[in-house]
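Asks: Once you have looked at the hints, place chain B on chain A.
In order, the protein sequences belong to chains A and B. Residue 216 in numbering that gives the first Met the number 0 sits at position 217 of the first sequence, with consecutive numbering throughout. Residue 213 in numbering that gives the first Met the number 0 sits at position 214 of the second sequence, with consecutive numbering throughout.
For the record, the hints were derived by calculation from the structure and aren't laboratory data. Every residue, glycine too, gets a C-beta built ideally from N, C-alpha and C. Fair warning: there could be bad hints in the mix.
What the hints assert, rightly or not - The calculated lysine-lysine pairs, modelled on DSS-like cross-linking and capped at a C-alpha distance of 25 angstroms, are:
#1 B/Lys394 / A/Lys107
#2 A/Lys164 / B/Lys60
#3 A/Lys150 / B/Lys394
Stated by the list, open to error - Beta-carbon label-pair distances, calculated as ranges:
#4 A/Tyr85 / B/Lys414: 36 to 44 angstroms
#5 B/Asn339 / A/Glu111: 48 to 56 angstroms
#6 A/Gly148 / B/Asp408: 20 to 28 angstroms
#7 A/Lys2 / B/Asp380: 28 to 36 angstroms
As the list claims (entries may be wrong) - Chain A stretches covered by chain B per the calculated footprint, using a threshold of three residues with CB under 8 angstroms from any CB of chain B:
#8 47-61
#9 67-75
#10 89-95
#11 98-109
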Amino acid sequence: MIKINNLQARVEDKEILKGINLEVNPGEIHAIMGPNGSGKSTLSSVIAGREDYQVTGGSIDFEGENLMDLDPEERAHKGIFLSFQYPVEIPGVTVSNFIKTAINESRKGRGEEPMEAREMLAKMREKTALLEMDKSYLSRSLNEGFSGGEKKRNEIFQMAMLEPKLAILDETDSGLDIDALRIVAGGVNKLRSADNAVVVITHYQRLLDYIKPDFVHVLFNGRIVKSGGPELAHELEEKGYDWIKAENA
Amino acid sequence: MTDLAQDLLSSFVVAEPQLNGSRNLGVVHLRKEALDRFEAQGFPTTRDEEWKYTNLKPVLKHDYRILLKGDDAVSFADIKTYLLSDLDTYKLVFINGKYSSWLSDATHQEFDVCTFAAALNKYPDIIAEYLGKGAPKGDTFVDLNTAFADDGAFIRVKANQTVDKPIEILYLTTNENGPAFSQVRNLIIAEQNAEVQLVERHQNIGGQPSFTNFVSEVFAARDARVSYYKVQNDADAATLVDNTHVVQKEQSNVHVGTYTFGGKLVRNNLHFYSAGERAESHMDGITIIADGQTVDHHTLVDHQEPNCYSRELYKGIYLGKSHGIFNGKVMVRQKAQKTNAFQQNDNILLSDKAKVDTKPQLEIFADDVRCSHGCTVGQLDRNALFYLRSRGIPKREAEGLMTYAFAADALEYVKIPQLEKRLNSVIAEKLGINLEFTL
Chain A
0 MIKINNLQAR VEDKEILKGI NLEVNPGEIH AIMGPNGSGK STLSSVIAGR EDYQVTGGSI
60 DFEGENLMDL DPEERAHKGI FLSFQYPVEI PGVTVSNFIK TAINESRKGR GEEPMEAREM
120 LAKMREKTAL LEMDKSYLSR SLNEGFSGGE KKRNEIFQMA MLEPKLAILD ETDSGLDIDA
180 LRIVAGGVNK LRSADNAVVV ITHYQRLLDY IKPDFVHVLF NGRIVKSGGP ELAHELEEKG
240 YDWIKAENA
Chain B
0 MTDLAQDLLS SFVVAEPQLN GSRNLGVVHL RKEALDRFEA QGFPTTRDEE WKYTNLKPVL
60 KHDYRILLKG DDAVSFADIK TYLLSDLDTY KLVFINGKYS SWLSDATHQE FDVCTFAAAL
120 NKYPDIIAEY LGKGAPKGDT FVDLNTAFAD DGAFIRVKAN QTVDKPIEIL YLTTNENGPA
180 FSQVRNLIIA EQNAEVQLVE RHQNIGGQPS FTNFVSEVFA ARDARVSYYK VQNDADAATL
240 VDNTHVVQKE QSNVHVGTYT FGGKLVRNNL HFYSAGERAE SHMDGITIIA DGQTVDHHTL
300 VDHQEPNCYS RELYKGIYLG KSHGIFNGKV MVRQKAQKTN AFQQNDNILL SDKAKVDTKP
360 QLEIFADDVR CSHGCTVGQL DRNALFYLRS RGIPKREAEG LMTYAFAADA LEYVKIPQLE
420 KRLNSVIAEK LGINLEFTL
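Chain A with its partners taken away, still in its complex shape:
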């Protein structure tokens, strides 16, 4: 589905990604772990097309197509979704109008007709129920005054509505209490299928108890320095990141 080859990126003069290789296939869940400052959030932003980062080398192919020249919205239209670590507050725009606009603009981008109002409403009901959200959410201003947990839940709600092929969850567990974590992870699991894939970016193993990865990668100093199965996450949980740092010093 997505093939990242020797990806290098910088912000201003600082080199952050120094040659990332990663391949994710449909139906798979990958976890990317690593200490703070290793480049995890940069990687997710670069995949989503954030213009503040300059890609200096390598490539990202999504379903056989080079992503590099595409705007963030075009990447979204192709089925890439990024759940933000820090979702942005947008006063004056309600959740429901925002999601309607996002869905219909994505459809337009793919040359499809807008979604019928009735279908949209039914889908919103279904997905708010899935994430155990009160319907009053929909008429609130996007993320404004939301608690940390509400913001993250709202991210997964949007993911559920947009039905992406590839979802990148950037530190979705941060700021969540254990109940919210269970609900959010439950939502992600229910959205899984053989046709879509999830990349979970996390500092801690905790979320991976709920969203079970097929592959775990360790990102350190702009490179993936170790890859393995779910057991690697447990090893990191026990031993911390110091041994990784020592091995790659």
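Replies: For chain B alone, coordinates are given in the frame of chain A:
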């Protein structure tokens, strides 16, 4: 003295005998005294502190006709677009400063919705009581208007009456024959516990330069409620100096909303005199302008009595090479203890060439008051833009959505749904976006 000022002075000699109200001695004196003050002062220049950022020179240089004639050729089809078509309203339509009875829908039933010219003859006592008592003598544009204006809207709502539908006031300039200088005047009186809603607009439909020097005096007696909406979306060749002065008594509530989307130069001098305890004054507005346009909001709230509240919220969005000015003065007199005054002016520059000068001015002489003020000038938040785009909303729509959301809270106090809808569609049009939803 500018050529235009000279022209005005000589025109007055010709015009004076024909001006309405000449039988009414009081008005004649008012006019002559006002003209003398104008002659002494002339037009302001950028050397005047109050006009520092707004240069009138380019708009004063046109060869304006001063004594205008009405235009019978204007039909309802020509003006329909400037009215709220989906709403039943009283209408007062003036063409080149002359009342057009066939385009208007006036009344004298429980309240007077008629013309200033008619009121000068019909209600000389009321005119004597109110005319010139709101707008200050010595303000050069007010003085000039006092000398010349002989028509405009006269609205008087008697005690305990509520006007059953909104009143639309439309001032048209049809200046096909050359530049036109128009001077019109409102007198709006809401007596004790009366209620009225007004929608006002000035429109140049001739294409030639126009200059409108407008005065509006609003008197809200005890417990009166006035909603006054100004839609300023005039042609590129139009200049407007709007002098609106609101005098409020005990527990009255007045809201003036100013929505500015067009015109070459718009200067709003909006003054509130809070002259009764527990009066509430609201003023808010949205300005969206583009290349070559200047909008200057000069506001004053003069708190003269205790326990009053004022709220001021102005939002500005500037495209192209446009220039916005906000000067908001809040005066709290010594007697006006427990005043609660709020002022906020937020601006977004959507172009490198756009410019904003914003200046809050607080003069507080009482010691037990709550006054807050703030102003911001910024650009759209890059993080938020990326967030919207990452969800599939294209850049242009994302910018439009954010800009709209930024402006929309200044529409919160619009009480006429049809007007709100109309304003929303103008905003969407100005921002070049398609808003299929109400936010």
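Asks: The structure should be examined with respect to each hint, and the outcome stated for every one.
Replies: Taking the hints in turn, this is what the structure says about them:
With a C-alpha separation of about 14 angstroms, the suggested pair B/Lys394 and A/Lys107 falls inside the 25 angstroms cut-off, and the hint holds. For the hint linking A/Lys164 to B/Lys60, the alpha-carbon distance of about 64 angstroms lies beyond 25 angstroms, and the restraint is violated. Of the supplied pair hints, the one linking A/Lys150 and B/Lys394 holds, its CA atoms being roughly 23 angstroms apart against a limit of 25 angstroms. For the pair A/Tyr85 and B/Lys414, the supplied restraint of 36 to 44 angstroms holds, since their beta-carbon distance comes to about 38 angstroms.
Distance hint for B/Asn339 and A/Glu111: a CB-CB separation of about 53 angstroms, consistent with the stated range 48 to 56 angstroms. The beta-carbon spacing between A/Gly148 and B/Asp408, approximately 27 angstroms, falls within the hinted interval of 20 to 28 angstroms. Evaluation of the 28 to 36 angstroms hint for A/Lys2 and B/Asp380 yields a pass: the beta carbon distance comes to about 33 angstroms. Counting residues of the region 47-61 of chain A whose CB lies closer than 8 angstroms to any CB of chain B gives 5, which reaches the minimum of 3, so the coverage claim holds.
For the region 67-75 of chain A, the stated coverage by chain B holds: 5 residues have a C-beta nearer than 8 angstroms to a C-beta of that chain, and at least 3 were required. A count of 5 residues in the region 89-95 of chain A with a Cβ less than 8 angstroms from any Cβ of chain B is obtained; the coverage claim is therefore met, three being the minimum. Chain B is given as covering the region 98-109 of chain A, and this holds because 7 residues of the stretch bring a CB closer than 8 angstroms to a CB of that chain, at least three being needed.
Hint violations for this structure: number 2 only, all remaining hints satisfied.
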